[in-house]
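Student: Those protein sequences? They're chains A and B, same order as listed. Note that the first sequence covers residues 1 to 469 in the working numbering. Note that the second sequence covers residues 470 to 664 in the working numbering.
Hints were generated in silico from the structure; no laboratory data involved. Careful, some of the hints might be misleading.
As the list claims (entries may be wrong) - Under the rule of at most 27 Å between Cα atoms (straight-line distance), these lysine-lysine pairs were calculated in the DSS-like manner: (1) 164(A) <-> 190(A); (2) 417(A) <-> 517(B); (3) 517(B) <-> 559(B); (4) 161(A) <-> 559(B).
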Amino acid sequence: MGRTLAEKVWESHVVRRFEGEPDLLYIDLHLVHEVTSPQAFDGLRLSGRVVRRTDLTLATEDHNIPTINIDQPIADPISRAQVEALRTNCAEFGVPLYSLGNIEQGIVHVVGPQLGLTQPGMTVVCGDSHTSTHGAFGALAFGIGTSEVEHVLATQTLPLKPFKTMAITVEGDLPAGVTAKDVILAVIAKIGTGGGQGYVLEYRGSAIEALSIEGRMTICNMSIEAGARAGMIAPDDTTFEYLKGRDHAPKDAEWDAAVEYWRTLRTDDDATFDAEVILDASALSPFVTWGTNPGQGLPLSGSVPSPADAADEGERAAIAHALEYMGLTPGMPLRDIAVDTVFVGSCTNGRIEDLRAVAEVLKGRTVASSVRMLVVPGSVRVRHQAQAEGLDEIFIAAGAEWREAGCSMCLAMNPDKLAPGERSASTSNRNFEGRQGPGGRTHLVSPAVAAATAVTGHLAAPSDLVSIA
Amino acid sequence: MESFVRHTGTALPLRRSNVDTDQIIPAEYLKRITRHGFEDGLFAAWRKDPGFVLNQPHHADVSILVAGPDFGTGSSREHAVWALQNYGFKVVLSSRFADIFRGNSGKGGLLTAHVDQSVIEALWTAIEANPDLEVTVDLEEREVRADSIVAPIDVDDYVRWRLMEGLDDIGITLAHVDAISTFETQRSSFMPTTA
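Okay, chain A solo, but in the shape it has when bound (with noise of 0.2 Å):
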C-alpha cells in the first residue's frame, strides 16, 4: 500500500523501533530561542550533558526583543536576563546564534527557511508551536516543549509515538484578494481548535499548489490553530526554485542529487490518509475571527454570531464569554467593528510578500486617525528587502510605524503590547485572551484585510476603499 508525505518523512528517520516503545525519530534541525531554551541548558548543566550537534542546531533572539531603539540595552531586566542567558548558553555549548544587530537575526520561523535550512524531507523541531511554519518545505516540522528540547540538545533525536494523517483539499482558484491567511481561517473554522489534535495534516490541492511559499509557510503555521502537530505540503517546483541559491541549499551535483530525491516526497497516489476535509477554493472570501479562539472566525461579509444558535450548551457558553471579552453584541456586521491597532508582522505574516501586499494596499493612502499602525518584518533581512523595494517609504507616509524584526506584538512579551481594553487588526496567529496584552482584543485578519482596515478604521477589505486614480 501507499503512504502518505508525511509516512515517507518518519519513516525516512526512525533511529530505533521496538515493540510497545516509541519510535526514536532522527532530527535533522533544532531551533532555539531565548524563552523555551534556558531551562533546557540549564538540565544539561546539572546531568553534565553536551549538545550533541551543534551543527544542526541555531539560535535567534526573538521573542523578547524590543523593536525600537535595538542598539541599546533591553530596558526590561527580565526580559535582558533571558536574552542574556541565550547568548552565554549558546557561547558555552558551542550553538550558533544571531543576536539582535545580526543580520541573519529575525523570527525563529522566518531566518530558518529564508538562509535554505529547511528543506522537504526534514524534521524540524523547535520549541514553538509555530515550527510547523517549516512543513511548507515539505517538512516534518513541530513545536516542542522545554523538555524535549533539552532532549534534542542532548541526543539528536526525540522519542515519538506516530502521528494520524489527514488530508485537507483545496480544490479550484481562490477568487481576487482571497490569501492564503483566509484560507487557513476557514479551514480552522470548519475543523475547530481541536479538530487536527493528534494529526499531521497534508494540505493539497490546486488552490494551494497555486501558492507561492510564503503562503504555503502561512498555511502551515496556523496547522497548529487546528489542534494538529504538524501541516505539510509537497514539495514541488516552486519549493526547489524558493531554495535554490540560498546560503544552505545544496550546491551543483548535490543539488541534483537532492532534487532527485525531493522529487519522490509525495503522497502516493494509493495511499488512504486518517480523515479528509475538503474546501472549494472558489466559495472562500476574506475572513475575519470575532472571539477569542482563532476558531472563532467568519467571513468579513458576516456578523456576530449569538450564543442562542449554539448547537449545545457548552458551545453557548462558549460563544456567550467570548462576545463578553471582546465586547460585541450578537448581530453586529462585522464590517461595523472598529479598531484602534493595526499589527502586521509575526511568524505568519511578517514576510516580503506580506509587506508587499500591505504597502499596495496603503500606497496613496494614509492610516485613519484612530488607529495606530505597526508594521514589523520577520527578520533583518526582510527589513532592507522591503527597504530595497521602497516599502518603507510607502509606510512611513501612509502614517504607520516602521519596526525592526521581532516577534513584537503577537504575543506581549516584549514592548509592543495592546493596552487593557484596546482592539486590534492582527495579521498574527492567536486571538487568546490577553494574547497581544492584558485585556487586549485581538482580530485575527490577513495582511490586505489589516492595511485596509486601518485605513478605514473598522474591519474592511481592501475592495471596500474608494479607489485611487
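With chain A's structure known, arrange chain B on it following the hints.
Tutor: For chain B alone, kept in the frame of chain A given last:
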C-alpha cells in the same frame, strides 16, 4: 522524576473549554529562566476576578484539575505544566487535551488523564456539591474514583510506565546512543548544517 502510582486529593471544577496555555500562564511570566516559582502566574488573568473558581477559599488546597474539553491548546510553553505543578496540581482530567501540552505534562510528571465528558460533568456536579470530596486518580488501576463515581482513565501505556517508574527520557534514549551514531553515518550528504 518522582514516580506516580496514585494520588488522592480535592479537585477544582473548571467549567471552561479551550483553556489555552496563554490562559494557564500569560507570556509575561515566561521571561524567567528557572523551573520553579511559576505558581503566581497560573491563570493570572482569571485570578484577578474574585469570583474565579480557584479564588474560592473552599478550593484552597486542590491538587486535581477537572477541566472542559481541549485543555492546553496553543503555545508549546512547558511553563504551563510547571505553573500547574508549582501551584500544587498533580493531575489534570479532561475529555480532550492538546497534543503538545499532554506531551509536556508526561515529561514533567504531571498526569494528564482522559476521561469521558460525562464523567467530567459528573465530577463537576459532585465537587460543586461537596468541595471537600476526595478524588483518587489511580494510574496503576487506570481509574478515577470519587464517592459513587468510578470511571476508567485513558493514559498512553508507555507514558504510564514511565510515570510509574519515574524515568527520565534522556537517560532512556542515551542507552541507544550506538543506534543514533549508526543512523548519522547514513544521512544524505546534501543535508544542511548550521555551521
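Student: Now look at each hint and say whether the structure bears it out.
Tutor: Consistency of the hints with the structure:
Restraint check for residue 164(A) and residue 190(A): satisfied, since their Cα atoms lie roughly 19 Å apart, inside the 27 Å limit. Distance check on the hinted pair: residue 417(A) and residue 517(B) sit about 19 Å apart at the alpha-carbon level, within 27 Å; holds. Straight-line distance between C-alpha atoms of residue 517(B) and residue 559(B) comes to about 23 Å, which keeps the hinted pair within the 27 Å bound. Restraint check for residue 161(A) and residue 559(B): satisfied, since their Cα atoms lie roughly 24 Å apart, inside the 27 Å limit.
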